[in-house]
Amino acid sequence: DVKVTQSSRYLVKRTGEKVFLECVQDMDHENMFWYRQDPGLGLRLIYFSYDVKMKEKGDIPEGYSVSREKKERFSLILESASTNQTSMYLCASSTPGTASYEQYFGPGTRLTVT
Amino acid sequence: AQSVSQHNHHVILSEAASLELGCNYSYGGTVNLFWYVQYPGQHLQLLLKYFSGDPLVKGIKGFEAEFIKSKFSFNLRKPSVQWSDTAEYFCASYNTNAGKSTFGDGTTLTVKP
Numbered sequence: 001d002v003k004v005t006q007s008s009r010y011l012v013k014r015t016g017e018k019v020f021l022e023c024v025q026d027m028d029h030e031n032m033f034w035y036r037q038d039p040g041l042g043l044r045l046i047y048f049s050y051d052v053k054m055k056e057k058g059d060i061p062e063g064y065s066v067s068r069e070k071k072e073r074f075s076l077i078l079e080s081a082s083t084n085q086t087s088m089y090l091c092a093s094s095t096p097g098t099a100s101y102e103q104y105f106g107p108g109t110r111l112t113v114t
Numbered sequence: 115a116q117s118v119s120q121h122n123h124h125v126i127l128s129e130a131a132s133l134e135l136g137c138n139y140s141y142g143g144t145v146n147l148f149w150y151v152q153y154p155g156q157h158l159q160l161l162l163k164y165f166s167g168d169p170l171v172k173g174i175k176g177f178e179a180e181f182i183k184s185k186f187s188f189n190l191r192k193p194s195v196q197w198s199d200t201a202e203y204f205c206a207s208y209n210t211n212a213g214k215s216t217f218g219d220g221t222t223l224t225v226k227p
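Chains E and R, in that order, give the protein sequences.
In terms of the numbering used here, the first sequence opens at residue 1 and continues consecutively.
In terms of the numbering used here, the second sequence opens at residue 115 and continues consecutively.
Don't read these hints as lab results, they were simulated from the structure.
Be careful, since some hints might not be right.
Unchecked claim - Cut-off 30 Å, straight-line C-alpha distance, at most; resulting in silico cross-link-like pairs (DSBU-like, lysine-lysine):
#: 1; chain 1: R; residue 1: K214; chain 2: E; residue 2: K70
#: 2; chain 1: E; residue 1: K70; chain 2: E; residue 2: K13
#: 3; chain 1: R; residue 1: K214; chain 2: E; residue 2: K3
#: 4; chain 1: R; residue 1: K175; chain 2: E; residue 2: K3
#: 5; chain 1: E; residue 1: K71; chain 2: E; residue 2: K13
#: 6; chain 1: E; residue 1: K13; chain 2: E; residue 2: K53
#: 7; chain 1: E; residue 1: K71; chain 2: E; residue 2: K53
#: 8; chain 1: E; residue 1: K3; chain 2: E; residue 2: K13
#: 9; chain 1: E; residue 1: K57; chain 2: R; residue 2: K214
#: 10; chain 1: E; residue 1: K53; chain 2: R; residue 2: K214
#: 11; chain 1: R; residue 1: K226; chain 2: R; residue 2: K214
#: 12; chain 1: R; residue 1: K214; chain 2: R; residue 2: K185
#: 13; chain 1: R; residue 1: K172; chain 2: E; residue 2: K3
#: 14; chain 1: R; residue 1: K185; chain 2: E; residue 2: K18
#: 15; chain 1: E; residue 1: K57; chain 2: E; residue 2: K18
#: 16; chain 1: E; residue 1: K71; chain 2: R; residue 2: K214
#: 17; chain 1: E; residue 1: K3; chain 2: E; residue 2: K57
#: 18; chain 1: E; residue 1: K70; chain 2: E; residue 2: K3
#: 19; chain 1: R; residue 1: K214; chain 2: E; residue 2: K55
Said to hold, decoys possible - Label-pair distances were calculated between CB atoms; the ranges are:
#: 20; chain 1: R; residue 1: T222; chain 2: E; residue 2: T86; range: 19 to 27 Å
#: 21; chain 1: R; residue 1: S194; chain 2: E; residue 2: V12; range: 38 to 46 Å
#: 22; chain 1: E; residue 1: D28; chain 2: R; residue 2: S128; range: 43 to 51 Å
#: 23; chain 1: E; residue 1: E69; chain 2: R; residue 2: I126; range: 42 to 50 Å
#: 24; chain 1: E; residue 1: D38; chain 2: R; residue 2: G136; range: 18 to 26 Å
#: 25; chain 1: R; residue 1: N122; chain 2: E; residue 2: E69; range: 36 to 44 Å
#: 26; chain 1: E; residue 1: P39; chain 2: R; residue 2: K226; range: 19 to 27 Å
Said to hold, decoys possible - Computed, partial: chain R to chain E, Cβ under 7 Å:
#: 27; residue: N146
#: 28; residue: Y153
#: 29; residue: P154
#: 30; residue: H157
#: 31; residue: L158
#: 32; residue: L160
#: 33; residue: K163
#: 34; residue: D199
#: 35; residue: K214
#: 36; residue: F217
#: 37; residue: G220
All residues carry an ideal CB built from backbone N, CA and C; glycine is no exception.
The following block holds chain E by itself, in its conformation from the complex (with noise of 0.2 Å):
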């Protein structure tokens, strides 16, 4: 099965802190995503890659960054949290060599920007 772990379940920053998310799977994947899950919104695509060292904006990128330095793991920052940025994050994980491009998914990091 594949897994697809997140660093923390719950985490808790002040605003204006440097905030690291972690994400690392184990299944080789090519792809990686960060999501927010915001309720009545869905899930929105924040940035995405396809390979070490790559990276693409998703939908909202604005007060994000992030670093794909190994295959297996993948790290949003926010530079400076705000309080708009509470919210639950969500990584997934894809290959394209399966035709159907199937996510799996983290548990989860919900955070809360006081």
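Model the placement of chain R on the given structure of chain E, informed by the hints.
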């Protein structure tokens, strides 16, 4: 821009009732379609998928969905729901050209025992 719309935000059913959740997508090119489910306190997981072949696809736990290209729809169905189907359901499309997925806003299903 690619979009996915789910018709119902919150559905409440009694056990044994039939379920149909609507989903429409906007992209006219090659698209892969999915339904994901998130049970309370659990990971988002794949329920079923369509990317080619028979437009009627069957997933886990008795769910099925029908891809109707002319209507840009991919509705989820189950003939008889159970209390354990209480969850949030997301429809999604994957645009193979853009290399990314678009999700609907989600439908919360509550099944009363």
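Does the Cβ pair R:N122, E:E69 satisfy 36 to 44 Å? For E:E69 against R:N122, whose Cβ atoms are near 42 Å apart, the range 36 to 44 Å holds.
R:N146 was flagged as interface toward chain E. Is the shortest Cβ-Cβ separation under 7 Å? The hint holds - R:N146 has a Cβ within 7 Å of chain E, the shortest such distance being about 5 Å.
Confirm or reject the claim that E:D38 and R:G136 have a C-beta distance inside 18 to 26 Å. holds (21 Å)
Pairwise hint evaluation, R:K214 against E:K71, where the allowed Cα distance is 30 Å at most: OK: E:K71 and R:K214 at ~18 Å, within 30 Å.
Would the pair R:K214 and E:K3 pass a check requiring their Cα atoms to be no farther apart than 30 Å? Holds, because 20 Å separates the two Cα atoms, which is no more than 30 Å.
Should the interface hint for R:K163 be scored as holding, given a Cβ-Cβ cut-off of 7 Å against chain E? Holds, about 5 Å.
Does the CB of R:F217 sit less than 7 Å away from some CB of chain E? OK, holds: R:F217 within 7 Å of chain E, min 4 Å.
Once the shortest beta carbon distance from R:G220 to chain E is found, is it less than 7 Å? Hint on R:G220: holds, closest Cβ of chain E at ~5 Å, below 7 Å.
Are the Cα positions of E:K13 and E:K53 separated by 30 Å at most? Given that 30 Å is the threshold and the Cα spacing comes to 27 Å, the pair holds.
Would you settle whether the hint for R:D199 is holds or violated, based on the nearest Cβ-Cβ distance to chain E being less than 7 Å? Violated - the Cβ of R:D199 stays beyond 7 Å from chain E, reaching only about 19 Å at its closest.
Tell me if the straight-line CA distance from R:K226 to R:K214 falls inside 30 Å. violated (36 Å)
Between E:K3 and E:K13, is the straight-line Cα distance small enough, at 30 Å or below? holds (27 Å)
Going through the hint list in order, the structure does not satisfy hints 11, 14, 28, 29, 34.
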